[in-house]
Amino acid sequence: MNTVSISFNLNGDPVVADVPRDWTLLKTLREVFELTGAKEGCGVGDCGACTVIVDGDAVNACLYPIPEIEGKQVLTIEGVAKPDGSLHPIQQAFIENNGVQCGFCTSGMIMSAKALLDETPEPEEADIRSAIAGNLCRCTGYVQIIESIEMATKHE
Amino acid sequence: MTNFRYVGKNIPRTLETDKVTGRAVYIDDFKLPGMLYGKILYSSYVNARIKKIDTTQAKALAGVRAVLTGEDIPEVRVGFIKDQTVLKKGRVRQYRDEIAAVAAISPEIAQAAVDLIEVEYEEIPGVFDPFEAMQKEAPLVHEVDARGKPIRSNVLPLPWKFSAGDLEQGRKDSAFVVKDRVSTTWVNQCCMGTSGCVAEFDASNNLTLHNQTNVIFGAKQRIAEYFAKIGLKDKNIRVKNVVVGGSFGTKLDTDIYEFICIQLALKTRKPVKILFTREEEFKALPPRQPAVFDIEQGCDKDGKLTFRHVEAVLDNGAYTSWGATTPSVMMTPISSLYRVENVYFKASCVYTNNIYCQAMRGYGTPQATFAVETSMDRLAEAAGIDPAEFRSINRNQSGDLTPMKLKITTCGLEECIQAVKEKLSWDEKHGKRNGRGVGMASLIHVAGGARVYKSDGHGMRIKVDDEGHVDVISGGTDQGQGSSTVLSQIIAEELGFRPEDISFTIGDSALGLWDAGTHASRHTFIAGNAAIAACKKIRRQILKMATVQLPKIIQFGLKRKKRMDPDFDLPEIDFSLFADPDNLDIQERKVFLKSDPENPYCSVDASQILKQGLHVGNGKSQTVMAEVFYDPPTQMLDREFKGNISMTYAFGTTGVEVEVDKQTGEVKILSMIAAHDVGRAINPTLIKGQIYGAAYTGTGYALTEEIKSLKGKVMNPNFRDYNILTAKDDIPVEAVVVELGDADGPYGAKGIGEPGLVPTAPAIANAIYDAIGVRITQLPITPERILDAIKQKEGDAWCE
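Sequence order for the protein chains is A and B. Just so you know, our numbering puts the end of the first sequence at 261, numbered straight through with nothing missing. Just so you know, our numbering puts the end of the second sequence at 863, numbered straight through with nothing missing.
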């Protein structure tokens, strides 16, 4: 099989893997590293359920070619809580303010929100809307997701 | 209102912390050792005879473990009226017809094998319009029915006809009458998690189906019926939910892919997973049932409704799922939204070669309410009455018995209408025709269960272990609404325990007692009442145990204290008071003497009592557990479709202010007020979440969402071409929660899962009319439709 050897940093740990060259980052995360928090909601970059953070930017892992990940820093939802298991303020706010319902979009939402807050700790509502514009949700109408992200900025 | 500790509070969804850490296991993430992956071959033609299927190449592909066609499995009819088989043999009637299925060691190999299957078709003419399909000369979609009897018409033999009062008298009493044709289209439920399941047989052919159904016992029943016909009668069937990535109606029926998955697992003797792609989700999952309504209504000179006459035609598609039963629910708003004595409703479901339909949030009420509320606005205008006032005049009221024999126990409709009026500054803004406008629409929905099956019950088991931990095993399911949080609030309140003491096991037919399904906005009401009844038993058991154990524990503690500290003065305690459980109470998991609640020596953690009660050592040890099956005293609809099917009904009004750009046809929502009579809010934050989410889906239904079907083919099977709203579509929705309390609801609560969606589309349509004077009676209200309507209106004005 036409594989590629890759090494990158995953949730703080250096990792290496041999992966078929045509795999995406999403497939690699799910199949090789068994990190299933990032979801495939559409597989074509429309829904954002697979969002992870690569070198500080929120990206659709379902579109990200695996050879491109070499040497990069990848953060998934599994790496967001502190090592002792305590929740990140964004995660805490989602639980407190009903920012999560079915939860399928939640990993992606939180990653998009985290990428925003890492860059802009005190965003305007419009910034939040832009940051999660690529993350579709059918349960919440986004209202309490946006409120949760606003709440998290105050927690931080 | 009594001061509650947990009920009415915004308790966080701590029970679902796995969902924010990536740990929650959805069907996508669920794996079993040796599991294979199934893929389905769908038809390439919309209506055709299958001449030949060649699976040779597919079978030869490395990694393939099974290839099945209709020839390989028993020809058993499934579905609501048994009008299809699992794999279609000889004939296809729609593009989503399942012709063959493959199980392989990876989804990619399974798909490659599907692509290698060769099918020869002979196309035959189809019919794609329900009105054409009703014509005598129209091609028949089905030749025979489930019993093999010839079918002579595409109109399904379903009994959807309702009448009450005296329609002719109603017409005579009318000073004003309006008549309209109103239509709604297919929309996809768009669960973010796609459909899927894992089927697994043990060595004795007992099945475990890991799936996402909201109706675990209904699914079990349907599979059992199927098993009886394929030689697996009496095999055990366990239906078990994974975490469900949204439902919105898609998980009520047992879909064909689930039967296919079962067949692949049976054939391969391995667990098999089928997981839909997003494209399949759009093409092969039944969407919301579309409908065309001819609605005629009248009122007298005072604006009181005199009659309502509605005829509906529903494009059933090629087969039948729950979509065809939506008229039974459309009857609720058609007969009972606003007071109207004389009502006639008839619905025809018509076979076509289009995609077939199922349930979606609201189950027929959004469609019917779009018709009723469009007509209400038109009639108000004809009568020269303000539309808000017109609705107030005709509003439902507590104590009403509607023409459908629904008993309206509590009704907050007037409060909702007034809240919308006030918040929108209705009187100031209505009727300006200046590009900005306000509109409103209301709703009625079952909110205290819905007796659509002979049992509308819910089974709940609660056990409390010797650590004071409460395990709740509910026969229901959760698709994201937060039932476990709401029920834990009710249970904590009722038991005197804390929400953090409570764990939930749901969605497992082997563990739970029977439940009719987490549908019809019934779960909080029905499961909540079951929980209260179970908690009363549990509480009694703990307090009885305490009558024996509490004095012992207290005395032991006091003696110990005295031993440690000889100066300690033993308090005076009247131990005879402990003998009567009625003298005891539980709060925050502490059992204490009611007459002396502050006494630190008389208050003991329930876990100590439970431990002492269990570890007795004399053959009299006890555990604490209770089972309750709550079935509300409601009625099935009779042959005339009358009867009180729910313990209570929810009402609500959505008001909208819009701005319409007459040059582009774009609609901007400036304000949306969603006022809902919820009985009592167990968790206001969670209720608002239901209302907000439903309002967004309703806005999509009004303005952007439509499955584009061209001769039966879904042309927009992705999120680029099928537009659900995003966070950029900033709809300023405000939820107004009206709490009148309902005597039958748990702590006064009514169901709220579906209502928020129901009045949204007609409220927007009515606001658009108020803004620019054109009425769009067809969903979705796209800019193109608005521009066409403006053009037509201006053309008409020019002609005049």
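Note that these hints are calculated values from the structure, not bench results. Some hints here could point you the wrong way.
So these bits of chain B aren't anywhere near chain A, every CB distance computed over 10 Å [as the list claims (entries may be wrong)]:
1. Glu79
2. Thr84
3. Ala87
4. Asp229
5. Leu640
6. Asp793
Rough simulated footprint, nothing fancy, chain A against chain B, three-plus residues with beta-carbon under 8 Å [claimed, not checked]:
7. 122 to 131
8. 142 to 149
9. 170 to 180
10. 270 to 281
11. 490 to 501
Dumping the calculated EDC-like pairs for lysine to aspartate or glutamate here, alpha-carbon to alpha-carbon at most 16 Å [stated by the list, open to error]:
12. Lys132/A / Asp92/B
13. Lys132/A / Glu171/B
14. Lys330/B / Asp265/B
15. Lys122/B / Asp135/B
16. Lys94/B / Glu230/A
17. Lys653/B / Glu230/A
18. Lys187/A / Asp135/B
19. Lys791/B / Glu136/A
Since we're looking at a predicted model, the values are computed, not measured. Glycine is no exception: its CB is placed at the ideal position from the N, C-alpha and C atoms.
Hints, verified against the model:
{"no.": "1", "hint": "Glu79", "in the structure": "violated (6 Å)"}
{"no.": "2", "hint": "Thr84", "in the structure": "violated (6 Å)"}
{"no.": "3", "hint": "Ala87", "in the structure": "violated (6 Å)"}
{"no.": "4", "hint": "Asp229", "in the structure": "holds (44 Å)"}
{"no.": "5", "hint": "Leu640", "in the structure": "holds (41 Å)"}
{"no.": "6", "hint": "Asp793", "in the structure": "violated (6 Å)"}
{"no.": "7", "hint": "122 to 131", "in the structure": "violated (count 0)"}
{"no.": "8", "hint": "142 to 149", "in the structure": "violated (count 0)"}
{"no.": "9", "hint": "170 to 180", "in the structure": "violated (count 0)"}
{"no.": "10", "hint": "270 to 281", "in the structure": "violated (count 0)"}
{"no.": "11", "hint": "490 to 501", "in the structure": "violated (count 0)"}
{"no.": "12", "hint": "Lys132/A / Asp92/B", "in the structure": "holds (12 Å)"}
{"no.": "13", "hint": "Lys132/A / Glu171/B", "in the structure": "holds (12 Å)"}
{"no.": "14", "hint": "Lys330/B / Asp265/B", "in the structure": "holds (13 Å)"}
{"no.": "15", "hint": "Lys122/B / Asp135/B", "in the structure": "holds (13 Å)"}
{"no.": "16", "hint": "Lys94/B / Glu230/A", "in the structure": "violated (39 Å)"}
{"no.": "17", "hint": "Lys653/B / Glu230/A", "in the structure": "violated (44 Å)"}
{"no.": "18", "hint": "Lys187/A / Asp135/B", "in the structure": "violated (53 Å)"}
{"no.": "19", "hint": "Lys791/B / Glu136/A", "in the structure": "violated (33 Å)"}
Of the numbered hints given earlier, the model fails hints 1, 2, 3, 6, 7, 8, 9, 10, 11, 16, 17, 18, 19; all others are met.
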